[in-house]
Amino acid sequence: MKVKINQWAGVAVWKWCVEDEEVCGICRGAFDGCCPDCKLPGDDCPLIWGECKHCFHMHCLLKWISTEASQQLCPMDRRPWVTAA
Amino acid sequence: MVAAPICLTFDGFRQPPALPAQYEQTTRNRLMSAVQAIHLKNHPDDSLEELYRACENLCLHYHAEALYDCLKAELTNQVAQVFQALQRDIIVPSAPTTADPGPGLMRLHTAWHSFTTQVRLIRSIFLFLDRTYVLQHPSLLSVWDLALDLFRQQWLDHTALRNAILQKLMVALAAYRDGQSPVDSLVLHSLIHMYIDLAVYPTGFEFTFLEHTRTYYTHESSQHLANLSGSTDAADRVANYLKHVERRFHEEERLALHFLHRDSTKPLMKVLYEALLIDPIQTLIANGLPPLLAGQRLDDLRRFYTLLQRVWQLNPLRTAYGQYVETTGRAIVCATDHDDTMVENLIQLKQAQDRILTQCFANDDHYVETLRNSFEHLINARPNRPAQLIAKFLDSTLRSGNKTMSDDQLEQILNHVLSLFRYLQGKDVFEAFYKRDLSRRLLYNKSASFDAEKSMLAKLKVECGAEFTHKLEGMFKDMEISRDLMADFRPARGGELQGKQRGKRPLAHGYDENPSSADASPHFSVSVLTQSYWPTYPPCDGLILPPEVADYKKQFQKYYLKKHSSRNLTWQNSLDTCVLRVPFTAGKKELSLTCYQALVLLLFQDGQERSYAQIQHETGIQDNDELIRTLQSLSGGRYRILTKNPADREVVIPASDRFSFNDGFTAPLYRLKINAIQFKETTQETETTTEKVVQDRQHQVDAAIVRLMKAHKNRTHTQLMNDLFQSLQFPISAADLKKRIDILIDRDYMERDSEDANLYRYLA
Ligand SMILES: [Zn+2]
Ligand SMILES: [Zn+2]
Ligand SMILES: [Zn+2]
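Those sequence lines, one after another, are chains A and B.
Going letter by letter, the first sequence gives residues 1 to 85 in the UniProt record's numbering.
Going letter by letter, the second sequence gives residues 1 to 764 in the UniProt record's numbering.
These are computed hints drawn from the structure, not numbers from a lab.
Where a beta carbon is used, it is the ideal one built from N, C-alpha and C, also for glycine.
Warning: the hint list may mix true and false statements.
[As the list claims (entries may be wrong)] Think about it this way: if two alpha-carbon atoms lie no more than 30 Å apart in a straight line, the pair counts; the simulated DSBU-like pairs of lysine-lysine are: (1) B:Lys558 - A:Lys15; (2) A:Lys39 - B:Lys446; (3) B:Lys554 - A:Lys53; (4) B:Lys461 - B:Lys446.
[Claimed, not checked] Which chain A residues face chain B? A few, computed with CB under 10 Å, are given here: (5) Trp16; (6) Cys17; (7) Val18; (8) Asp32; (9) Cys34; (10) Gly42; (11) Ile48; (12) Lys63; (13) Ile65.
[To be verified] Non-contacting residues of chain A with respect to chain B, defined by C-beta distances greater than 10 Å in every case (computed): (14) Met1; (15) Asn6; (16) Lys15; (17) Pro36; (18) Asp43; (19) Glu51; (20) Glu68; (21) Asp77; (22) Pro80.
Next comes chain A alone, as it looks inside the complex:
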C-alpha cells in the first residue's frame, strides 16, 4: 500500500539569537518580551546588536543614543556605538 500526503501543517517557534537568561542592558526587560514602550515583541520591536556584540531592544538603544548624556556610547562598555552589519 502507498500512502499519499495531501497536506502537512508544521509548527515552528522563533526566538531572538540571544542567551535565554540575557536581558536588555537598558530596560532590564527580557528579550522575548519587548521594550517598555511597545506591546508586542517581534517585528514591531526588534533587537539591535553593536559591533561590540552588546544587544538591546532597538527602541531602548535609539532612545539612549538620542540623549545628551549618552555621547553616542554603548551603555555597557562606553565605547562609541556602531551597529553591527
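For this one, chain A is given, so just place chain B with the ligands on it according to the hints.
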C-alpha cells in the same frame, strides 16, 4: 357669625321702642315651648319666621342673657333625657359583649342624628342670639357648640354606655374586616364622626381602634403563618400571604378613607405594617424567599420586594437574598462530581438572578451590589478549578462543531461567561487555560468563528485591560504573519512542494476544506509562533519525518532565517497535523491525523507487522506515554486503522503487542478524523498549566516585593504586606508572601533592620 358687623353698627344708632309688660316672659315661653316641640318632634305653634323675630326682639331689648340661660337650661334637660333613654335602651346587663352590635349602634345613631338635626333647627331660630349676644361674650358658646358640649358632658358621664358603644363599634368593624356587614356603613360612618364632632376622637375612639386593629392582624398573621417552617408548601403559603397582605393594605386604606379621620390613615397603616409584615418578617423571609427564588416566581418576588419597600424593610430581604445566591452557587461550584456542568449551571444561576433583579427588585443598587458580592464569594469558593472550567467552557463554545448557534446566540453566551469571569480572583489561571485552548483552536484550525474569537478578546480587554490580552492578540498576529509568509515563500523544487495560498480561511493553518483533486501535489504550510505568546510546549527532538516534509521544513527554515537574520527557529513537530490519503481494500480514505499518528501509519506502507519497540525506533517517538496513546488511537478507537495483536484488550502493552495495517478497514465516510486522544485534556497537562501559573505568581510576587522596596527603601512588615495585597491581582495568603520575603532576604535583595525585626531595608 358672618352677620356680626351688622349688629355692631346697628346697636349704637337706634333706641328700640318700649315693649309691653309681660312681653319678655311670654315671648320666652313661646320660644321654649317651640324648642320642646322640636325635641318631641312636633311642629312648633309658630312659624320659624315668627320665632326668629321673637328672638330678635328679645335680644334688641336687652333680654338676651335671660334667654340664653333659659335655652341652656332647656337643652341641658333635653340632653339628659336623651341619655336616660339611651342608657335604658342600649345597656343590657346580661348581653354578651359579642352580641350583635347592630341594634345598639343603630339606636345611638338615631339619637345622635335626631339631636343634631334638632339643634340645627334650634340654632336657626336663635341665630340672632348667636350673632349678637354670644358674639359679644367670648366666654359663651354658640347654640350649636353649647348643645354639643352638653352632649359631650353627658357622653363622658355615661361611662358604661360609652364603653358599650365602643365595644360594639369594634365588633362591627371586625365583622366589616371579616367581610360581613352587620351594621350599615352609614351608621358606622355617622358614629365615628360623632366622636370627631364631640372632640373625643383621639382618646375616645382612635386609640382603642388601633389597639383592636393590632390584635386583629397579629392574630390573622399568626394564623396564616402557623407551622410554616419545614412545610412543603411554604412557598405557596408565603406567596398567598403576601397577596393577602397586599389586599389588606388596600382594604384598610379604603376603610380609613370611608370612616376615619384623615389623620388616622398613617397610624392605622403603621399598625398594619407592623402586625402583618415587620413582626413576622424573619419567618416570611426564611421560609418564603428561598423557594420563591428557586422557583423563579417573579410576580411573587416582585410583590415581596414592593411590600417590604413600603415598610422600609428591604435590608433583611437583601441579606437573605445574598445568602441564598451564595449558598446555591457554592453548592454548584463545590459539586466536584459535576464539574462538567458547573459553568452552565452558574450561567443559569446568574441569568436567573439578573432577571429577578430587573423584574422584581427594581434594579435596586444595593441588591445589585449584594449579588455581585455573592458571586465573588461563591465563584472563588474553590481555588483554580472554576477559572479553568470557564476557560474550558469558552473553548467548547468557540470551537467549530458548535455551528448550531447563530452569531447572536454565540455572542450572548460569551457575554454570560464574561459575567462570571468578572468575579474570578485568579484571572491568571483563566488566562493560562484560555491561552492553551486558544492555541489549539488556532493551530488545528478549530475555531468556529473568527469574529467570535475577536469579540471575546475585545471583551476580555475591556474587562481586564490591554495588558491581559497582549499575548492572546499576539497569537492572532502570529497566525496572520504566518499566512503572509506562506504567500511569500516559494520552495525550490518547482511545483511539487509549492505552498498554496488560501485566502478563505482566516485562521491560517489546518486542512483545506476542499483540497484539489487527489493527485495534486501535497499542500505544505508552517505556522511560526512567537515563543512568549504561546504556551510552552515540551521539546520533541528526534522525530523521523517523511523526507518530503523534512525537505520542505529545511527549505522554509533557510528562507525564514534569511529574512530574519537575528532569529532562531525551532520546530515543534509534535504540533504538526496532516491529511493522508490511505488505500484500503474497500477504497481510499482521507485521514486527518496528528503528526505522531501519521508517522506511525506511514511505517506500514511496506505491509510488515511491527513490535512496539520497532515502531518507536523507526518513528523516533521517544515519549512512551505519547506513543502508547497514539497506538491506542489507531488500533483501539472508533476507527481501527491498525490491527493489534493480540486484540483481546484495548490497552497497549509495549512489551508484547504487535501491530499491522488493517487492509479491511471500512467506514461510511471518505474523510475521517482519527480520534484525538492526544488533543484531549490530560490530567498531566492540566497540572502543568496550573503549575506554570503558580510559578508565574511567584515571579510576580518577587518582582512586586523588589519594586516596592526599591521605591520605598524602608518598609515595615505591615506596610509591605498591605502594599502587596493591593498590587497583586490574584489571591494569595500572608504566609506565602512571608515565605517569598524570607527568600528575597536570603538572596540579599533586602534585609531585616538590626534593631527592629519588623522593618525591612532595601539592599541596592
Ligand atoms: Zn530594552
Ligand atoms: Zn519597542
Ligand atoms: Zn557594547
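Against the structure, the hints come out as follows:
Of the pairs offered as hints, the one joining lysine 558 of chain B and lysine 15 of chain A holds, with about 15 Å between alpha carbons and a cut-off of 30 Å not exceeded. As the CA atoms of lysine 39 of chain A and lysine 446 of chain B are separated by approximately 27 Å, the hinted pair is consistent with the 30 Å bound. This hinted pair checks out: lysine 554 of chain B and lysine 53 of chain A have alpha carbons roughly 28 Å apart, not beyond 30 Å. At roughly 22 Å between alpha-carbon atoms, lysine 461 of chain B and lysine 446 of chain B fall within 30 Å of each other, so this suggested pair holds.
Interface restraint check: tryptophan 16 of chain A against chain B, minimum CB-CB distance 6 Å, threshold 10 Å, status holds. Checking cysteine 17 of chain A against chain B by beta carbon gives a least distance of about 5 Å; that is within 10 Å, so the hint holds. For valine 18 of chain A, the interface hint holds, since its Cβ comes within 10 Å of a Cβ in chain B; the closest pair sits about 8 Å apart. With a least beta-carbon distance of about 4 Å to chain B, the hint placing aspartate 32 of chain A at the interface is held under the 10 Å criterion.
The beta carbon of cysteine 34 of chain A comes within 9 Å of a beta carbon in chain B, closer than 10 Å, and the hint placing it at the interface holds. With a cut of 10 Å, the hint placing glycine 42 of chain A at the interface with chain B holds, because the nearest CB-to-CB distance is about 5 Å. Against a cut-off of 10 Å between C-beta atoms, the interface hint on isoleucine 48 of chain A holds, since the closest Cβ of chain B lies about 9 Å away. Interface restraint check: lysine 63 of chain A against chain B, minimum CB-CB distance 20 Å, threshold 10 Å, status violated.
The interface hint given for isoleucine 65 of chain A is broken, as the beta carbon of that residue sits about 19 Å from the closest beta carbon of chain B, more than 10 Å. Listed as outside the interface, methionine 1 of chain A is inconsistent with that label: its C-beta sits roughly 5 Å from the nearest C-beta of chain B, within the 10 Å cut-off. Non-interface status of asparagine 6 of chain A relative to chain B is broken: a Cβ of that chain comes within 10 Å, the nearest being about 4 Å off. With a closest Cβ-Cβ approach of about 5 Å to chain B, lysine 15 of chain A is found to fall inside the 10 Å limit, against its non-interface label.
The Cβ of proline 36 of chain A lies farther than 10 Å from every Cβ of chain B, with a closest approach of about 13 Å, so its non-interface assignment holds. The Cβ of aspartate 43 of chain A sits about 8 Å from the closest Cβ of chain B, inside the 10 Å cut-off, so the non-interface label is violated. In this structure glutamate 51 of chain A is separated from chain B by more than 10 Å, as the shortest Cβ-Cβ distance comes to about 14 Å. With a least beta-carbon separation of about 26 Å from chain B, glutamate 68 of chain A lies farther than 10 Å from that chain, consistent with its non-interface assignment.
For aspartate 77 of chain A, the shortest C-beta to C-beta distance to chain B comes to about 20 Å, beyond the 10 Å cut-off, and the non-interface label holds. Chain B leaves proline 80 of chain A outside its interface by the beta-carbon criterion, the shortest separation being 21 Å against a cut-off of 10 Å.
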